[in-house]
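Colleague: Chain residues, written in single-letter form:
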Amino acid sequence: MPPEPVEVVKSRREAALARLVASVPYIGFLGARFDRRGDELTAHLPFSPMLIGNPQLPALHGGATAAFLEVTAIIELAWTNLWEDIEAGRLSDEIALPKTVTFTVDYLRTGLPRDAYARARVNRSGRRFASVHVEAWQDNRARPFVAATAHFLMP
Amino acid sequence: MTEDPRPQDPRLALAQSFIRALPHSAALGMDLVHLGAGEAVITMPYDPRLVGDPATGVIHGGAISALMDTASGASVMSHPSAPRSTATLDLRIDYMRPATPGQRITARAEVTHVTRSVAFIRVTACDEDTARPVAQGTGTFTLER
Numbered sequence: 001m002p003p004e005p006v007e008v009v010k011s012r013r014e015a016a017l018a019r020l021v022a023s024v025p026y027i028g029f030l031g032a033r034f035d036r037r038g039d040e041l042t043a044h045l046p047f048s049p050m051l052i053g054n055p056q057l058p059a060l061h062g063g064a065t066a067a068f069l070e071v072t073a074i075i076e077l078a079w080t081n082l083w084e085d086i087e088a089g090r091l092s093d094e095i096a097l098p099k100t101v102t103f104t105v106d107y108l109r110t111g112l113p114r115d116a117y118a119r120a121r122v123n124r125s126g127r128r129f130a131s132v133h134v135e136a137w138q139d140n141r142a143r144p145f146v147a148a149t150a151h152f153l154m155p
Numbered sequence: 001m002t003e004d005p006r007p008q009d010p011r012l013a014l015a016q017s018f019i020r021a022l023p024h025s026a027a028l029g030m031d032l033v034h035l036g037a038g039e040a041v042i043t044m045p046y047d048p049r050l051v052g053d054p055a056t057g058v059i060h061g062g063a064i065s066a067l068m069d070t071a072s073g074a075s076v077m078s079h080p081s082a083p084r085s086t087a088t089l090d091l092r093i094d095y096m097r098p099a100t101p102g103q104r105i106t107a108r109a110e111v112t113h114v115t116r117s118v119a120f121i122r123v124t125a126c127d128e129d130t131a132r133p134v135a136q137g138t139g140t141f142t143l144e145r
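Chains as they are written, first to last, in our numbering: chain X, 1 to 155; chain L, 1 to 145.
Be careful, since some hints might not be right.
What the hints assert, rightly or not - Keeping only pairs whose Cα atoms sit at most 20 Å apart, straight-line, the calculated SDA-like set for lysine to any residue is:
1) X/K10 with X/R90
2) X/K99 with L/D94
3) X/K99 with L/P101
4) X/K99 with L/R97
5) X/K99 with X/L82
6) X/K99 with X/G126
7) X/K99 with L/T56
8) X/K99 with X/W83
9) X/K99 with L/R92
Claimed, not checked - Derived list of chain X stretches under chain L, where covered just means 3 residues or more per stretch with a C-beta under 8 Å from a C-beta of chain L:
10) 24 to 31
11) 98 to 109
Claimed, not checked - Derived Cβ-Cβ restraints for the label pairs, each shown as a range:
12) L/T115 with X/M50: 30 to 36 Å
13) X/R37 with L/A21: 36 to 42 Å
14) X/E14 with L/T43: 36 to 42 Å
15) L/E144 with X/P49: 23 to 29 Å
16) X/P46 with L/A26: 45 to 51 Å
The set of hints was computed from the structure by calculation and includes no laboratory data.
Just so you know, these numbers come straight off a predicted model, no measurement behind them.
Built from N, CA and C at the ideal position, the CB exists for glycine as well.
The shape of chain X in the complex, shown without the other chains:
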């Protein structure tokens, strides 16, 4: 069988990612987006004044950055788990998301009033539990400003 045309593969993956992201209204509230290269996801949080927590500095709200990391971790974990179904074109109508059990966030630097990016790595994905590490940066990839580790209960 000849390989599938690249447009077909890409549009199937983009549609699956869009469905996954749209399944979490809170991602829309934050204004976060997800960029995809193959199976690699990068979350993007465009700066918005409503993300500010300290107007004097000004600095991003620690809660907003924590939430950005949490949605990045959840989407990465769900994406990784659904990858085979997406590739096979049998993503079910109901997407069940992992549930956060614990979330530990370390604030490394002040979040500046500009865009932020994040990538998550699934350290372990078991039948019931998964452990995910996630970090975010702004101007320099090598200088993360916040990092988190989370445990999830799998659906």
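Using the hints provided, position chain L relative to the given structure of chain X.
Modeller: For chain L alone, coordinates are given in the frame of chain X:
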């Protein structure tokens, strides 16, 4: 809701206007309801925009994290050692059960210990069933004196 006609504690009123001036806290509808010596209580109304899973209508953990972080920071600022400012060093949150859709969430934070440069806090979040917390957390905050 009716306005309370009694004159308010000026310290609470000042802290309330401070919290309302934080854009992200304001976007989430947070309101400071109590400020003690090293303790703070902040509430956040239910809002469909903050939902994590539309199938259940449950608020996303991220919004609850933001509420707990804000309450913790406020408790540090209210500490009798009168810090000039504070920032979160780390925060660990355990999500014990989903918050009931439609209900207001209240976070209570208290400073358990301070050193010259660090404040240690504990925080819990409840919906209207205050006997069963939705989430609990511990954290450390910087102290600028």
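Colleague: Checking against the hints above, which ones are violated?
Modeller: 16
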